[in-house]
Amino acid sequence: SQQGEEDPQALSIQEGENATMNCSYKTSINNLQWYRQNSGRGLVHLILIRSNEREKHSGRLRVTLDTSKKSSSLLITASRAADTASYFCATDNTPLVFGKGTRLSVIA
Amino acid sequence: SQTIHQWPATLVQPVGSPLSLECTVEGTSNPNLYWYRQAAGRGLQLLFYSVGIGQISSEVPQNLSASRPQDRQFILSSKKLLLSDSGFYLCAWGQDNNEKLFFGSGTQLSVL
Numbered sequence: 001s002q003q004g005e006e007d008p009q010a011l012s013i014q015e016g017e018n019a020t021m022n023c024s025y026k027t028s029i030n031n032l033q034w035y036r037q038n039s040g041r042g043l044v045h046l047i048l049i050r051s052n053e054r055e056k057h058s059g060r061l062r063v064t065l066d067t068s069k070k071s072s073s074l075l076i077t078a079s080r081a082a083d084t085a086s087y088f089c090a091t092d093n094t095p096l097v098f099g100k101g102t103r104l105s106v107i108a
Numbered sequence: 001s002q003t004i005h006q007w008p009a010t011l012v013q014p015v016g017s018p019l020s021l022e023c024t025v026e027g028t029s030n031p032n033l034y035w036y037r038q039a040a041g042r043g044l045q046l047l048f049y050s051v052g053i054g055q056i057s058s059e060v061p062q063n064l065s066a067s068r069p070q071d072r073q074f075i076l077s078s079k080k081l082l083l084s085d086s087g088f089y090l091c092a093w094g095q096d097n098n099e100k101l102f103f104g105s106g107t108q109l110s111v112l
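If you read the protein sequences in the order shown, they are chains L and Z. For the record, in the first sequence the residue sitting at position 18 is 18 according to this note's numbering, with numbers rising by one throughout. For the record, in the second sequence the residue sitting at position 94 is 94 according to this note's numbering, with numbers rising by one throughout.
Hints should not be assumed to be uniformly reliable.
[Claimed, not checked] The list that follows gives simulated cross-link-like pairs (lysine-lysine, DSSO-like), each with its CA atoms no further than 27 Å apart:
id	chain 1	residue 1	chain 2	residue 2
1	L	LYS56	L	LYS69
2	Z	LYS100	L	LYS69
3	Z	LYS100	L	LYS70
4	L	LYS100	Z	LYS100
5	L	LYS56	L	LYS100
6	L	LYS26	Z	LYS100
Don't read these hints as lab results, they were simulated from the structure.
In isolation and in its complexed conformation, chain L is listed as follows (with noise of 0.2 Å):
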């Protein structure tokens, strides 16, 4: 099965500033998604793009998908505290696999 690779491995900016974080992957895809997971939490979806889409928003988050380049990137802008935490891109895949993901940290 196919997993998405995250980049950077951490992340640690000012609250207020954006955070962008990247997802790779090898193989053609329909959709890719993302999750997010606090700390000794389970994961929770934040948006799904699909293949035909190049950007999608949704609130302070934006997904872009540069299908040619087998590449995805999660903006977040004007970064809160609360946003803090390891986020994570999963390609459609049965099963779904995950990477490593980046971890966040937001500090006030």
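We have chain L; now place chain Z onto it with these hints.
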């Protein structure tokens, strides 16, 4: 609405003891069910997934096993725990297209 229950929240077990973690889903039928394990500060490792009753696929050889005795019940077991079995265990469910997985709150297992 759909909900997923996973218990217990924390568990401390001695090496060599058995294990049984249970996960149940409510409000949906014939879900795909997953068990993942996460070592401290690491990514998620897929352990088992199931697309139907009695249908279990194992992703990683180990001393763990899974069973699905009912449509919305998924059980993770071990006859004899190893130190390396320590970790955070997550159950999840999704529909056929897996376009969104819903996760339980997890079980923190410490094997001592």
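Each hint, compared with the structure:
1. L:LYS56 - L:LYS69: holds (17 Å)
2. Z:LYS100 - L:LYS69: holds (24 Å)
3. Z:LYS100 - L:LYS70: holds (20 Å)
4. L:LYS100 - Z:LYS100: holds (19 Å)
5. L:LYS56 - L:LYS100: holds (23 Å)
6. L:LYS26 - Z:LYS100: holds (21 Å)
Violated hints: none; the structure is consistent with every hint.
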